[in-house]
Amino acid sequence: MAHPALAYIAGAYEHPTRDAGGKTLAQLQIEAALGALADAGLSKDDIDGFFCGPDAPGTGPLSIADYMNLNLRHVDTTNTSGSSYLLHVSHAAQAIAAGKCDVALITLAGRPRAEGRGKGGLVRRDDPNQPDFQWEQPFGIQILNVYGMTAMRHMHLYGTTSEQLAWIKVAASHHAQYNERAFSRDLVSVEDVVNSPMVADPLHRLDCCVVTDGGGALIVTRAEIAKSLKRPLVKVIGAGERPQHQQGGYFEITQSGAFWSGKAAFAQAGVSPADIKYVSLYDSFTITVLMQLEDLGFCAKGEGGRFVMDGNLISGVGKLPFNTDGGGLCNNHPGNRGGMTKIIEAVRQVRGEAHPAVQVRNCDLALANGIGGQLGVRHASGTLILERE
Amino acid sequence: MIMTERVFIEPQPTSETQTFWEAAKEGRFFIKRCDACEKAHWYPREHCPFCTSMDTKWVEASGEGVIYSFSIMRRAKPPYVMAYVTLSEGPTMMTNLIECDPVALRIGDPVSVAFVETAEGNALPMFKPKAGAVR
Ligand SMILES: [Zn+2]
Chain L
1 MAHPALAYIA GAYEHPTRDA GGKTLAQLQI EAALGALADA GLSKDDIDGF
51 FCGPDAPGTG PLSIADYMNL NLRHVDTTNT SGSSYLLHVS HAAQAIAAGK
101 CDVALITLAG RPRAEGRGKG GLVRRDDPNQ PDFQWEQPFG IQILNVYGMT
151 AMRHMHLYGT TSEQLAWIKV AASHHAQYNE RAFSRDLVSV EDVVNSPMVA
201 DPLHRLDCCV VTDGGGALIV TRAEIAKSLK RPLVKVIGAG ERPQHQQGGY
251 FEITQSGAFW SGKAAFAQAG VSPADIKYVS LYDSFTITVL MQLEDLGFCA
301 KGEGGRFVMD GNLISGVGKL PFNTDGGGLC NNHPGNRGGM TKIIEAVRQV
351 RGEAHPAVQV RNCDLALANG IGGQLGVRHA SGTLILERE
Chain S
1001 MIMTERVFIE PQPTSETQTF WEAAKEGRFF IKRCDACEKA HWYPREHCPF
1051 CTSMDTKWVE ASGEGVIYSF SIMRRAKPPY VMAYVTLSEG PTMMTNLIEC
1101 DPVALRIGDP VSVAFVETAE GNALPMFKPK AGAVR
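Heads up: the sequence lines are chains L and S, in that order. Take the first sequence: its position 110, counted from the start at 1, is 110 in my numbering, and no numbers get skipped. Counting the second sequence from 1 gives a position; my numbering is that position plus 1000.
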């Protein structure tokens, strides 16, 4: 099976820190970038395209491009919060195909712990110019309660249970125990999750991701350059993106943008969910994973609860291994933006460089998906399908 | 209007929404309906988000609806119930559920509007379970 490449991911690097007290945001950015360049076997002056998200300080790409002393002919600062980096890979592939750049750098860095933003329950004081501000902020909208409302409605419509959601955290913890850098390596049980304190019904504390400092970076390039490097070839064969919102007041919060971004990516790649050997799914909360499994077509709508039970997401145990680094639920969620680490672990799997205890055998096709923003209010889904060449 | 110890972010009404917030202070619940396509929308806009017509009108809504979903924000002091309510006029809006036993709430339960006063005297449209509602 060989599908046309949109572009190649030649370098991928996850910053090892989870607590960045002694490092600035800009330092995390350059360290991530240098890590990805070293992984690819390229140098700073090879970069001619730069893609960064809302985490980059300063005006768009300008301050970090200046700090890193990059000489660029293409920039893109697409911001869909945590899913930005999945869209960046797609946009980099498009820019490379259009001849606008040859070597694209994508970075993420964040230090919410160092900045005392470790507890995710702080009120989000958004911009009153946002037309939705006055209809949402006064009511106490927070990340926790909008994901809580999504889970509550999923349970109501489909009979999904807290125990089923807990299996997602259990699977992530099984993988994290092998990752020496994981923020939490504790193996947890379904009982541990459902007995942890309720934070925003029906979500428990252990249904929520960790808060970590750190970052990551990717190098996306064209075929000739990727093939000149001494790394396993990982090509992007499909990509899709979809912003989803309240649609004038007529919406269904139990359907995420992944329904559309996934369809687009599968159609472009010419593969189906049954072909996928490994998935990286954005795990801000357990419910986020469940929704993506359904919306991407790995199971029917409403069947997600039954699909994730009994270790079905555990590598070597179940049918669809997910987030084998421990994901955002256990390993790392740098800067509260988990899209980057989703792509990095998918690249490791396709290269055969994941931890031996969680490496999926013959992992020639993988999918990475991100949900950025607020599921149930406004979010954007980005899907990437990667193939080993 | 209902008073509470809770501290709210003020809505900061704009020229586009002044009418809504002034009416709310009088205990009247307005929504926007389009004269061109006749569809009601939420949140209120000058233009219709469906057909883009500028012929939208403020109309007094019934204030009746059903719970679309909710989540009890237990860590907040005091705790509150975040919710979406589907209005009988059609659209679903973000709000809070008040004057209720949070653990007894169910999606689909009928609710009606009640206004809660902020520190600056704005009135937030929230919803409470209908008395004697049969589940
Ligand atoms: Zn209209």
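Possibly wrong hints are sitting among the right ones.
[To be verified] Output of the computed footprint for chain S on chain L, the stretches with three or more beta carbons under 8 Å from beta carbons of chain S: (1) 206-218; (2) 263-274; (3) 289-303.
[Stated by the list, open to error] Partner residues are not named here, just some residues of chain S that face chain L (Cβ under 7 Å, in silico): (4) Cys1051; (5) Met1073; (6) Pro1078; (7) Thr1092.
Calculated from the structure, these hints are not laboratory results. The beta carbon of each residue, even a glycine, is placed where N, CA and C say it ideally should be.
For each hint given before, does the structure comply? Return the numbers of the non-compliant ones in rising order. 1, 2, 3, 4 and 6
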